[in-house]
Structure formats: structure tokens, C-alpha cells
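Asks: Heads up: the sequence shown runs through residues 0 to 256, numbered per numbering that gives the first Met the number 0.
Derived from the structure by calculation, the hints contain no laboratory data. Misleading hints may appear alongside valid ones.
As the list claims (entries may be wrong) - With a Cα cut of at most 30 Å, we get these calculated DSS-like pairs of lysine-lysine: (1) K136 / K105; (2) K136 / K35; (3) K203 / K35; (4) K251 / K105.
Values in this document were obtained by computation on a predicted structure and should not be read as measured data.
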Amino acid sequence: MMLSSIQSALVVLFSVAAALLLVVVLNRLWPSDNRKLLNDVTGWQLGVLGTTYGVILGFMLYTVWEGFRAAQIDANLKATSMMNVYRLADGLPSPQRESMQELARKYETTVVEQEWPAMQHQIEDRAASVVLGSMWKVLATVRVDSMAMANSVDHIQYAMSNLAERRNMRDQQRTNQLPALLWVLLILGGLATIVSSCLLGNDKQWLHYCQVGALTFVIITALAGIADLARPYQGAVAVEPSAFVRALQSMKQEPAQ
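All chains should be modelled from the sequences, with the hints used to inform the complete structure.
Replies: Structure follows, in C-alpha cells:
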């Protein structure tokens with residue numbers, strides 16, 4: 000289950016507090032003056048570990064962000080495809096023209112009111128696919144008796160085929176998850192980096208607390224961001240159906256032919 004913004008913020012705060020508590024415990028059990036003797040060893044090790052983990056973390060953030068952007072673009076293209084179908088239906092004879100335009104409006108409404116809320120809860124909803132199937136059936140009843148009508152049918156078929164392909168891509172994006180091995184690497188690497196920073200000795204304890212807190216905040220926030228962006232249709236940061244809402248509004252404003 001994805002975390003809300005408040006839950007993610009609490010996880011970050013709890014993690015920072017836990018890291019600072021670890022420093023407090025270390026300072027009591029293993030005084031900072033004694034740990035400073037090991038700084039020459041642990042310092043360069045932390046540098047190598049931190050650099051390696053930072054590269055991994057940055058790469059993962061970039062990867063999930065690209066996936067999230069692709070999901071946003073895909074949603075806009077699907078809404079545009081259905082808008083094209085609605086307008087191209089003007090070239091069809093009655094009653095197929097009215098049926099196609101009505102189904103186009105129904106499709107956009109179904110996506111906004113049913114499919115998108117269902118995806119937020121990781122529930123599969125195929126209501127819009129049923130509407131799309133009805134549109135194919137209506138299109139199959141059109142008698143092509145002119146070149147203009149043939150062009151309209153061909154363009155509608157292309158737009159609907161493109162829409163169906165992008166729906167399949169969306170289903171893959173919705174169900175794909177980061178491999179467990181990557182999560183193990185990210186979590187254990189983050190713990191190792193934070194703990195290593197806690198082991199350093201520093202004469203100015205307040206400065207050590209600030210360093211550990213800042214490092215923990217950055218790492219946990221990045222992990223929370225990866226977890227959220229990896230599921231583009233769920234969580235606090237999710238792809239919105241705004242393109243479908245705009246398309247539906249345009250359909251309602253355009254006069255029927």
C-alpha cells in the first residue's frame with residue numbers, strides 16, 4: 000500500500016530521530032574522543048560508501064522519474080486520441096455519428112470517474128474497455144460509400160488502435176514494481192551509509208548531529224520519492240486524469256454536427 004504525504008513525512012521524521020538517537024547512544028557507550036582515533040579509517044570508507052550509494056540512489060530516482068513522465072505523456076496521448084475520434088466521427092453517417100460521439104464522451108467520463116479512482120487503490124477496472132469495444136462495434140456497422148467517409152473510418156480506426164495500445168502500456172505501468180533485490184540494495188545501502196556516519200567522532204557534537212540528520216533526511220526522502228514515483232497511478236504523487244477532464248469539457252462544448 001502506498002503512503003500518503005503525511006505518512007511519508009512521518010517516516011522521514013522518525014528515521015531522522017532514530018539516527019540522532021543512535022548518535023546519542025554511541026556518545027554514551029563509546030565516547031566521541033575514542034571514535035576520533037578511527038576517523039582516518041572510517042572516514043575514507045564512508046566517502047567510498049557514500050559516493051557509491053549516492054550514484055545508485057541518483058540513478059534510481061532518474062529511472063522512476065522517467066517512468067512517471069512517460070505515464071503522464073501516455074495519459075495525455077490517450078485523451079487526445081479519444082478527442083480525435085470524437086471529431087473524426089463528424090464524417091460518419093447518422094446514427095453512427097451520434098453513437099460514436101456519445102460513446103466517446105462516455106469513455107472519458109468512465110476513465111475519470113471509475114478507472115482512475117480504481118487505479119489509486121490498485122484495483123483493475125475494465126469499464127472503459129467495454130465502452131471502447133462498443134465503439135468498435137458501431138464503427139463496423141458503417142457503410143463506406145464515399146472516399147471522404149473511407150478516410151474518416153480509417154483515421155478513426157487508427158486513433159482507436161493507438162488508444163488500445165496505450166491502454167495496454169498503462170496496464171503494464173500500473174502493475175510493474177521495482178524488483179525486491181533493488182529495494183534490498185537501496186535500504187541496506189542507506190542503513191550502512193547512515194550508521195557509518197554515526198560512527199564518526201567529532202569534537203563538536205552539535206555539528207555531528209546536524210550532519211547525521213541532514214544525511215538521513217536526504218536518503219529517506221529520496222527513498223520515499225522512489226517508492227512513490229515507481230507507482231505512477233498511486234500514492235501522494237500520482238498522474239492525474241486532467242487531460243481526460245479537459246477533453247470531456249471540449250466534447251461537451253463542441254456542438255454536435
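Asks: Which of the numbered hints are not met once you compare them with the structure shown?
Replies: Number 2 only.
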